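Asks: These are the residues of each chain, in order.
2 protein chains.
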Amino acid sequence: MTADANTRDIAIIGAGLIGTAWTALFAHHGFRVRLWDPHAAALDKAVGQIPGLLAQLAQIAEAKGGAEWITRCDRLHDAVAGAALIQENAPEDIPLKHALLAEIEEAMAVEAIIASSTSALTWSELAPGLRDPARLITAHPFNPPHLIPLVELFGADDARLDRAEAIYRAADRMPVRLRKDATGHIANRLASALWREAVFMVQEGIADVEAIDAALVNGPGLRWSVLGAHMAYHLGGGAQGMAGYLAHLGPSQERRWAALGAPVLSPEVCAALIEGVETAAGGAALPSWSRTAMRR
Amino acid sequence: MTADANTRDIAIIGAGLIGTAWTALFAHHGFRVRLWDPHAAALDKAVGQIPGLLAQLAQIAEAKGGAEWITRCDRLHDAVAGAALIQENAPEDIPLKHALLAEIEEAMAVEAIIASSTSALTWSELAPGLRDPARLITAHPFNPPHLIPLVELFGADDARLDRAEAIYRAADRMPVRLRKDATGHIANRLASALWREAVFMVQEGIADVEAIDAALVNGPGLRWSVLGAHMAYHLGGGAQGMAGYLAHLGPSQERRWAALGAPVLSPEVCAALIEGVETAAGGAALPSWSRTAMRR
Chain F
1 MTADANTRDI
11 AIIGAGLIGT
21 AWTALFAHHG
31 FRVRLWDPHA
41 AALDKAVGQI
51 PGLLAQLAQI
61 AEAKGGAEWI
71 TRCDRLHDAV
81 AGAALIQENA
91 PEDIPLKHAL
101 LAEIEEAMAV
111 EAIIASSTSA
121 LTWSELAPGL
131 RDPARLITAH
141 PFNPPHLIPL
151 VELFGADDAR
161 LDRAEAIYRA
171 ADRMPVRLRK
181 DATGHIANRL
191 ASALWREAVF
201 MVQEGIADVE
211 AIDAALVNGP
221 GLRWSVLGAH
231 MAYHLGGGAQ
241 GMAGYLAHLG
251 PSQERRWAAL
261 GAPVLSPEVC
271 AALIEGVETA
281 AGGAALPSWS
291 RTAMRR
Chain E
1 MTADANTRDI
11 AIIGAGLIGT
21 AWTALFAHHG
31 FRVRLWDPHA
41 AALDKAVGQI
51 PGLLAQLAQI
61 AEAKGGAEWI
71 TRCDRLHDAV
81 AGAALIQENA
91 PEDIPLKHAL
101 LAEIEEAMAV
111 EAIIASSTSA
121 LTWSELAPGL
131 RDPARLITAH
141 PFNPPHLIPL
151 VELFGADDAR
161 LDRAEAIYRA
171 ADRMPVRLRK
181 DATGHIANRL
191 ASALWREAVF
201 MVQEGIADVE
211 AIDAALVNGP
221 GLRWSVLGAH
231 MAYHLGGGAQ
241 GMAGYLAHLG
251 PSQERRWAAL
261 GAPVLSPEVC
271 AALIEGVETA
281 AGGAALPSWS
291 RTAMRR
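Chains as they are written, first to last, in this note's numbering: chain F, 1 to 296; chain E, 1 to 296.
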């Protein structure tokens, strides 16, 4: 099998929400996708959901493939053999992932890439599951993976990272590389930091849950959908950019940081958060896309 | 003068970037705007910039007014007298603002609202400048005010807050209320918390400035432009929503918070930030809207 041939072959391991979204995404972009899950019921459910995901994708970009590019596999070996990229989406359990990675490693092409979608775990925690850890990268998508472009990459083998990046770009993703392994990668660290302050404001009674969400969605969220946080300070720094900002306002920003909160998820804070989102959802237990949660 | 008549009369005090954007916004939405600044050169510059801002606004929503709705005033009294809302945009200097607020209070209609655009100061710091502090609210826009809908409100008089909110809604803004006076209001507290972690990742060498910005813009920023942070956890909590999230993942979120960073803007970190944004800007000292800073 040539390198050219198998760069269009993708294995998806695990047919939960994330694996199913990856399957639809790669098929839409003209990759041959082989999907495996240890549970036949999960495969049934995934196969039922894929047409809906493909329809969403067709609204965003022209389809180069579709459902006919997807093969349901009953054995892991059939999915993995000959694939250039094996996207792993198993539960966030280290012993379980180690066993699965070992099984994948037995079946995979020597030069292939195992890409773990792990959110909670790191490359360093997963790598001991392989004989050759260079075969593993973490490739964390932001949910839902077929709609949000970000994929966060970390690994030990630059050649494999380059090949993986090319594959994700061909599937219209935006791969971003970490220089150092870190829990939460980049995006979830940012999300966690922001939510900490959002919870602090609820704890302190500065604003309601609904008001905080409305401020985010109609203010900085709107900006951050087009402009990064560092670049926003560069543009806000006047003619000297970031250097001017740091020289004039760096000390005040450090004082601001010192005044940010460290909330505790006490029963009272939890109750305020739960009541707040239920109010914002307009009485519905769970909105699908609540009007009140969203920008006008 | 009837209440009905003067709810369409707005005074803009200070013709810098923020005051000029407010002027264009209110005129576009059919308010009569009287603009004053102590410096004639600032008024000249504002008058020159307004047609461009109005043209941007016309791309977003149908114009109910335009440049002919704007009056340039050489005396503060002429701008303030009879206005329902006086939007103050002076430099962030407490003695200067106190003196200005006192001057406005002399000229204003008794039931009018003074709305300060202050970003760095709080209502409690400004209120001592007035004989009747109930006349003052803070109404912080997110830059640029004619394009970003958010306006963060705080004040002591609910009736004035209600009237101000109605005026901002008529100008197609999204007013959000604080329950308690707080430095940074809501949005800049969130922005500061997020940037702290973004700077920490640069300090620790986890990722480059450009990678962090790309992760934000192509991941959580995209989500936060439609969905708030609290609501995202509600939707991510499964069938039990926020309650389920807090019960199952609250403790791990608290551990994550404890692992977030507290960076120091040392010379080394500042140098990395400056070099990073310059790299991201593609060699330009300051991009207007850098392609590399933005989502694809």
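These are computed hints drawn from the structure, not numbers from a lab. Warning: the hint list may mix true and false statements.
If we take Cβ atoms under 8 Å as the criterion, some of the chain E residues that face chain F in the derived model are [to be verified]:
hint, residue
1, GLY48
2, VAL110
3, ALA170
4, MET174
5, ALA193
6, SER225
7, HIS230
8, HIS234
All of these numbers come straight from a predicted model, not from anything done at the bench. Where is the CB? At the ideal position from N, CA and C, for every residue including glycine.
Asks: Please go over all the hints and tell whether each is borne out by the structure.
Replies: Cross-check of the supplied hints:
Checking E/GLY48 against chain F by beta carbon gives a least distance of about 19 Å; that is not within 8 Å, so the hint is violated. The criterion of a C-beta within 8 Å of any C-beta in chain F is not met by E/VAL110, whose closest approach is roughly 29 Å, and the hint is violated. Because the smallest distance between the Cβ of E/ALA170 and any Cβ of chain F comes to about 14 Å, over 8 Å, the interface hint for this residue is violated. Below 8 Å, beta-carbon pairs count as interface contacts, and E/MET174 has one with chain F at about 4 Å; its hint therefore holds.
For E/ALA193, the interface hint holds, since its Cβ comes within 8 Å of a Cβ in chain F; the closest pair sits about 4 Å apart. Checking E/SER225 against chain F by beta carbon gives a least distance of about 4 Å; that is within 8 Å, so the hint holds. This hint holds: E/HIS230 has a C-beta 5 Å from the nearest C-beta of chain F, less than the 8 Å allowed. Nearest Cβ of chain F to the Cβ of E/HIS234: about 4 Å, under the 8 Å cut. The hint holds.
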